[in-house]
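Visitor: Now for the letters of each chain:
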Amino acid sequence: MSNVLIVDDSSTMRKIISRSLRQAGLTIDEIFEAGDGIEGLNVLGNSKVNLILSDINMPNMDGLEFIKMVRANGNSVPIVMITTEGGEDILKEAMTSGASASIKKPFTPDQLQEKLGGLL
Amino acid sequence: MLNAAVTQSTHLQEKEMAGHVINATKEVFSTMVMMDLEDQYPLADPVSKFHCSVTSMVGLAGTYTGILSIHCPQSFALRITSNMLGMDVTEVGEDVNDALGEIANMLGGYVKQILSKGGLDINLSIPTVISGEEYTVNSTSDSDCIIIPFTNEADRFLVGLKLQKEC
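Line by line, the protein sequences give chains U and V. Using numbering that gives the first Met the number 0, read the first sequence as starting at 0 and increasing by one per residue. Using numbering that gives the first Met the number 0, read the second sequence as starting at 0 and increasing by one per residue.
For reference, chain U alone in the conformation it holds in the complex (with noise of 0.2 Å):
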């Protein structure tokens, strides 16, 4: 079983990629939820997390600071990006920052199981 931290500003994105997840029928135990980076590194400081899904655009701490930060606190979880923002450069900047792989919104729950089954 894992455990899956989703990092999305939108309330209906977070409701939505969890439901999403339950349909692909990974084997999940527990899914955390976060408003921001801020708010996901103290999901991680506090529990334990096996995946990360994390959406770039945010305020207060962006994904792609988020994922900085997650990888100077020596953490190694797979972190995927789920965002709208599909440009090459900046999901460049993530996969050099530590990320694992990305998912373009919209996405199927078909998608999230092709993408994210082998990570968990």
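Be careful, since some hints might not be right.
[Unchecked claim] Straight-line alpha carbon distances no greater than 20 Å define the calculated SDA-like cross-link-like pairs of lysine to any residue that follow:
#, chain 1, residue 1, chain 2, residue 2
1, U, K14, U, S1
2, U, K91, V, L123
3, V, K25, V, I66
4, U, K67, U, L50
5, V, K25, U, P108
6, V, K25, U, Q110
7, V, K116, U, E87
8, V, K25, U, T107
9, U, K14, V, R78
10, V, K25, V, L36
11, U, K14, V, V88
12, V, K116, U, D88
13, U, K103, V, V32
14, U, K114, U, Q22
15, U, K14, V, N82
16, U, K103, V, E26
17, U, K103, U, D88
18, U, K103, V, N122
19, V, K14, V, M0
20, V, K48, V, P72
21, U, K103, V, I21
22, U, K91, V, Q112
23, U, K14, V, M34
24, V, K25, V, D38
25, U, K91, V, S115
26, V, K116, U, L90
27, U, K103, V, N22
28, U, K67, V, L119
29, U, K103, V, L119
30, U, K103, V, T30
Think of the hints as simulated: they come from the structure by calculation, not from any bench.
Assemble chain V onto chain U, guided by the hints.
Guide: Chain V in isolation, oriented as in the chain U frame:
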């Protein structure tokens, strides 16, 4: 009508740009809202006054500036939100604002990709959502705007794209 400088710079005629927005909107609604849409482009008559509606907007800034907007009746906004969340939403509030804002954000992301392949020279704003019994949306230059009507069952809504090329 699409701004002439945008047409020249993107090598896209208004109909082609509208086609991209139509495809993006249909894909977002099909995938995230579980709704199939029909488009009714072009819009016969301009619309600026809205009754019992929700308007969601996301701004683009950089080599191009503009606004991507969605205007829909409150009843349809409730149906969209209910479908997206998989639960019955009966009041226009935070969930509706968040859902409509997210749709504008996704469509803004598509437009950004059409205009900028690298993605770094155009930024998207945080979405803004307006709702009310009666309001008017005006722009200083309506001539630079494409508006596309969509329908699902008996409901109809509009997606607008206003664009300008910056130096």
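Visitor: The structure should be examined with respect to each hint, and the outcome stated for every one.
Guide: Against the structure, the hints come out as follows:
no. : hint            : result
1   : U:K14 x U:S1    : holds, 18 Å
2   : U:K91 x V:L123  : holds, 18 Å
3   : V:K25 x V:I66   : holds, 19 Å
4   : U:K67 x U:L50   : holds, 16 Å
5   : V:K25 x U:P108  : holds, 18 Å
6   : V:K25 x U:Q110  : holds, 18 Å
7   : V:K116 x U:E87  : holds, 7 Å
8   : V:K25 x U:T107  : holds, 14 Å
9   : U:K14 x V:R78   : holds, 16 Å
10  : V:K25 x V:L36   : holds, 6 Å
11  : U:K14 x V:V88   : holds, 14 Å
12  : V:K116 x U:D88  : holds, 9 Å
13  : U:K103 x V:V32  : holds, 16 Å
14  : U:K114 x U:Q22  : holds, 14 Å
15  : U:K14 x V:N82   : holds, 12 Å
16  : U:K103 x V:E26  : holds, 12 Å
17  : U:K103 x U:D88  : holds, 14 Å
18  : U:K103 x V:N122 : holds, 17 Å
19  : V:K14 x V:M0    : holds, 9 Å
20  : V:K48 x V:P72   : holds, 12 Å
21  : U:K103 x V:I21  : holds, 18 Å
22  : U:K91 x V:Q112  : holds, 15 Å
23  : U:K14 x V:M34   : holds, 18 Å
24  : V:K25 x V:D38   : holds, 9 Å
25  : U:K91 x V:S115  : holds, 15 Å
26  : V:K116 x U:L90  : holds, 12 Å
27  : U:K103 x V:N22  : holds, 16 Å
28  : U:K67 x V:L119  : holds, 19 Å
29  : U:K103 x V:L119 : holds, 16 Å
30  : U:K103 x V:T30  : holds, 12 Å
The structure is consistent with each of the numbered hints, conforming to all of them.
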